[in-house]
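Q: One-letter residues, chain by chain:
There are 2 protein chains.
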Amino acid sequence: MDRIAIIGTGLIGTSLGLALRRAKVRNVEIIGHDREPTNASKARKLGAIDRMAWSIPDAVEGANLVIIAVPVQSVREVLAVAGPLVNEGTIVTDTASTKSDVVRWAEEILPSNVHFVGGHPMAGKETPGPDGAEADLFEGAYYCIVPGRRTPRESVRVVADLAQSVGAIPYFLDPQEHDGLVAAVSHLPLVVSAALVNTVSDTPSWREMGKLASSGFRDVSRLASGDPEMARDICLTNQEAIVYWLDAMIGSLTRYKEMVREGGEALETAFTQARVARDKWLRGEFEPGAENEQLPTLNDVVGDFFLGSVGRRLLGQTDEVAKRIEEQQRRRREEKS
Amino acid sequence: MDRIAIIGTGLIGTSLGLALRRAKVRNVEIIGHDREPTNASKARKLGAIDRMAWSIPDAVEGANLVIIAVPVQSVREVLAVAGPLVNEGTIVTDTASTKSDVVRWAEEILPSNVHFVGGHPMAGKETPGPDGAEADLFEGAYYCIVPGRRTPRESVRVVADLAQSVGAIPYFLDPQEHDGLVAAVSHLPLVVSAALVNTVSDTPSWREMGKLASSGFRDVSRLASGDPEMARDICLTNQEAIVYWLDAMIGSLTRYKEMVREGGEALETAFTQARVARDKWLRGEFEPGAENEQLPTLNDVVGDFFLGSVGRRLLGQTDEVAKRIEEQQRRRREEKS
Numbered sequence: 022m023d024r025i026a027i028i029g030t031g032l033i034g035t036s037l038g039l040a041l042r043r044a045k046v047r048n049v050e051i052i053g054h055d056r057e058p059t060n061a062s063k064a065r066k067l068g069a070i071d072r073m074a075w076s077i078p079d080a081v082e083g084a085n086l087v088i089i090a091v092p093v094q095s096v097r098e099v100l101a102v103a104g105p106l107v108n109e110g111t112i113v114t115d116t117a118s119t120k121s122d123v124v125r126w127a128e129e130i131l132p133s134n135v136h137f138v139g140g141h142p143m144a145g146k147e148t149p150g151p152d153g154a155e156a157d158l159f160e161g162a163y164y165c166i167v168p169g170r171r172t173p174r175e176s177v178r179v180v181a182d183l184a185q186s187v188g189a190i191p192y193f194l195d196p197q198e199h200d201g202l203v204a205a206v207s208h209l210p211l212v213v214s215a216a217l218v219n220t221v222s223d224t225p226s227w228r229e230m231g232k233l234a235s236s237g238f239r240d241v242s243r244l245a246s247g248d249p250e251m252a253r254d255i256c257l258t259n260q261e262a263i264v265y266w267l268d269a270m271i272g273s274l275t276r277y278k279e280m281v282r283e284g285g286e287a288l289e290t291a292f293t294q295a296r297v298a299r300d301k302w303l304r305g306e307f308e309p310g311a312e313n314e315q316l317p318t319l320n321d322v323v324g325d326f327f328l329g330s331v332g333r334r335l336l337g338q339t340d341e342v343a344k345r346i347e348e349q350q351r352r353r354r355e356e357k358s
Numbered sequence: 022m023d024r025i026a027i028i029g030t031g032l033i034g035t036s037l038g039l040a041l042r043r044a045k046v047r048n049v050e051i052i053g054h055d056r057e058p059t060n061a062s063k064a065r066k067l068g069a070i071d072r073m074a075w076s077i078p079d080a081v082e083g084a085n086l087v088i089i090a091v092p093v094q095s096v097r098e099v100l101a102v103a104g105p106l107v108n109e110g111t112i113v114t115d116t117a118s119t120k121s122d123v124v125r126w127a128e129e130i131l132p133s134n135v136h137f138v139g140g141h142p143m144a145g146k147e148t149p150g151p152d153g154a155e156a157d158l159f160e161g162a163y164y165c166i167v168p169g170r171r172t173p174r175e176s177v178r179v180v181a182d183l184a185q186s187v188g189a190i191p192y193f194l195d196p197q198e199h200d201g202l203v204a205a206v207s208h209l210p211l212v213v214s215a216a217l218v219n220t221v222s223d224t225p226s227w228r229e230m231g232k233l234a235s236s237g238f239r240d241v242s243r244l245a246s247g248d249p250e251m252a253r254d255i256c257l258t259n260q261e262a263i264v265y266w267l268d269a270m271i272g273s274l275t276r277y278k279e280m281v282r283e284g285g286e287a288l289e290t291a292f293t294q295a296r297v298a299r300d301k302w303l304r305g306e307f308e309p310g311a312e313n314e315q316l317p318t319l320n321d322v323v324g325d326f327f328l329g330s331v332g333r334r335l336l337g338q339t340d341e342v343a344k345r346i347e348e349q350q351r352r353r354r355e356e357k358s
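Residue numbers (this note's numbering), protein chains in the order written: chain A, 22 to 358; chain B, 22 to 358.
Hints are supplied without guarantee of correctness; some may be wrong.
No copy labels: a pair is met if it fits in one copy or bridges any two.
Claimed, not checked - Heads up, simulated EDC-like pairs for lysine to aspartate or glutamate below, C-alpha to C-alpha not over 16 Å straight-line:
| id | residue 1 | residue 2 |
| --- | --- | --- |
| 1 | Lys146 | Asp240 |
| 2 | Lys301 | Asp223 |
| 3 | Lys45 | Asp157 |
| 4 | Lys146 | Glu160 |
| 5 | Lys146 | Asp300 |
| 6 | Lys301 | Glu229 |
| 7 | Lys301 | Glu109 |
| 8 | Lys146 | Asp248 |
| 9 | Lys146 | Asp157 |
| 10 | Lys146 | Asp71 |
| 11 | Lys66 | Glu306 |
| 12 | Lys66 | Asp152 |
| 13 | Lys45 | Asp23 |
| 14 | Lys66 | Glu155 |
Worth flagging that the hints you see were computed from the coordinates, not collected in a lab.
Here chain A stands alone, though its shape is the one from the complex:
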């Protein structure tokens, strides 16, 4: 029997467990650990894990795959504790929101026969903890797969399988590229959302304003209800890109301020541009394109390699996937240059 260890059974860790269970991954035992035992206990009651472990060493013992689903800066500690204890050939992945530091830590900390593949499912909600977990949280979402420089192809393939088995679409990136892109569409909205709440709530009129705040305020401020530790860790492991985008956002708000003062046509143009861009995005202009459509599904390629059941009859196909990954990365580099 294979064994998966999930370290951190919060929203993402527990949802991954539920999604793996729903995918009917066979002959795999899922062990869960959380620094808050009540979280692990909840995950077990929800059926996301088979057994809870009281410590990281206990959780990772004998695991073929270790999934670290904790705030970014805690990934380092987990790597340091788990690294010396896992078997040769174990694959370690994470789900943290930034990747450059994580991949570097893994390269520094893990023994060379333990294979790290960074992961980042582009899904979430503001309610932290296992209570908000959902088996279909990752359904149709992109799942960033961020290998290190020395990660073997087969290990990348396993984490891509994991992504597909929870319903997500693997999306291959290098760490710096990942952090630059998500700074704009994930970290900037997070800081903007929190800053909006700070701005309006830190005033004597908030008691009255709060009464009038409606669904618009609720949605724009949603990310402010997320885990502050996770938010801090994101900012501290992606400083440069976040500062870049904060500057861009401040510039944009400054232009709006001028347009509001001046009151000309430019204001309606700016609002129209925003609406058109968002509506295109909503209509799925950026949905899976050719590069991902060619990736085989879990059923096509089977989880056999990963789940170790009927053998490795599909290794040829696995190599083909690896070739596609390289091809995809090559094209991206060319597009950028």
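Using the hints provided, position chain B relative to the given structure of chain A.
A: What follows is chain B alone, placed relative to chain A:
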């Protein structure tokens, strides 16, 4: 039979019609007009209005109550067209997002025997037009009631009845107070949401970033999909307050930028403050307090005055409501001073 005219059968106008129908307001005919006849036609098919009118004069003829549900700057045109045509004693209200200009226009344009009471239901969604209309859009929401200086008590009472009959809670404010408060919790989020989309979409990487944008981006950017004309009108009729809050927001983002650069404890504190403030708000710390709980419901006080059925036996109670309104306004002035 009494007659209500709804000018503008978009999201709000059509939802008001549906909510009035659901409230089983009897012996009232609802006439609807929209500058886009297809909108009025849709509203009729949805059952929000009994009859569509092809022009504003046709719509307001013989109406006891005129509800103007159009973008702020168009309210002025509607007032100018409808003003000379409505009967003596007709009550005119609107649903626009800013109130100072609207109340001033009404005082300038309407004959002195036509009574204007500004209104602003604190509910909405980003899909404009009658297609998104819902009978329960206003359920449990505050409904700002903003009388002019010369508005008779009885007219204010009628619009408060209207608010209650659609499931909302009347909230009495003067125009400047209204515009100052909603600038922070409604107009600032609108501009922030649009500016976020402008910031990230106006870059070569948007195609890739858009793929990774997830539910967080979707929510924070939601208001950017609203009607650009409405957004422009809001900004142009509430310039001073919006510029004030944009400055505050820019200040807040600048502090975040410094905190991200410095990387100390302050960052987690700021995120924690935002989370605590929003969670308190979500828990309803600002829900209807004593001042509104004492307001009688529609059934208590009857729609008789408004609906003109069994007479005015409750006028005494109406006076009492007016006294409460004055009391509430007095307390608010004292609190502010």
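Q: Now tell me, hint by hint, if it's right for this structure.
A: Hint check:
Taking the closest pair of Cα atoms, Lys146 and Asp240 come within 16 Å of each other both inside a single copy (12 Å) and across two copies (10 Å). Proximity of Lys301 to Asp223 under the C-alpha cut-off of 16 Å is restricted to the inter-copy arrangement: shortest distance 13 Å between copies versus 36 Å within a copy. In this homomeric assembly, Lys45 and Asp157 come within 16 Å of each other (Cα to Cα) only inside a single copy, at 14 Å, whereas the closest approach across copies is 41 Å. Within a single copy, Lys146 and Glu160 get their C-alpha atoms as close as 14 Å, which meets the 16 Å cut-off; across copies the closest is 25 Å, which misses it.
When the C-alpha separation of Lys146 and Asp300 is checked against a cutoff of 16 Å, the pair qualifies only between copies, where the shortest distance is 15 Å, while the shortest distance within a copy is 21 Å. For the homomeric pair Lys301 and Glu229, the shortest alpha-carbon distance between copies (14 Å) is at most 16 Å, but the shortest distance inside one copy (37 Å) is not. When the C-alpha separation of Lys301 and Glu109 is checked against a cutoff of 16 Å, the pair qualifies neither within a copy, at 47 Å, nor between copies, at 49 Å. Taking identical chains as interchangeable, the C-alpha atoms of Lys146 and Asp248 lie at most 16 Å apart only when both belong to the same chain, with a minimum of 11 Å there against 27 Å between chains.
In this assembly of identical chains, the alpha carbons of Lys146 and Asp157 lie at most 16 Å apart only when taken from the same copy (12 Å versus 26 Å across copies). Proximity of Lys146 and Asp71 under a CA criterion of 16 Å is satisfied in neither setting, with 24 Å inside one chain copy and 42 Å between copies. Within a single copy, Lys66 and Glu306 get their C-alpha atoms no closer than 40 Å, and across copies no closer than 33 Å, so neither meets the 16 Å cut-off. Taking the closest pair of Cα atoms, Lys66 and Asp152 come within 16 Å of each other only inside a single copy of the chain (11 Å); across copies the shortest separation is 42 Å, beyond that limit.
With identical chains, the CA atoms of Lys45 and Asp23 are at most 16 Å apart within one copy only, with a shortest distance of 14 Å there and 63 Å across copies. Taking CA atoms no more than 16 Å apart as the test, Lys66 paired with Glu155 passes inside one copy only; the shortest distance there is 14 Å, against 39 Å between copies.
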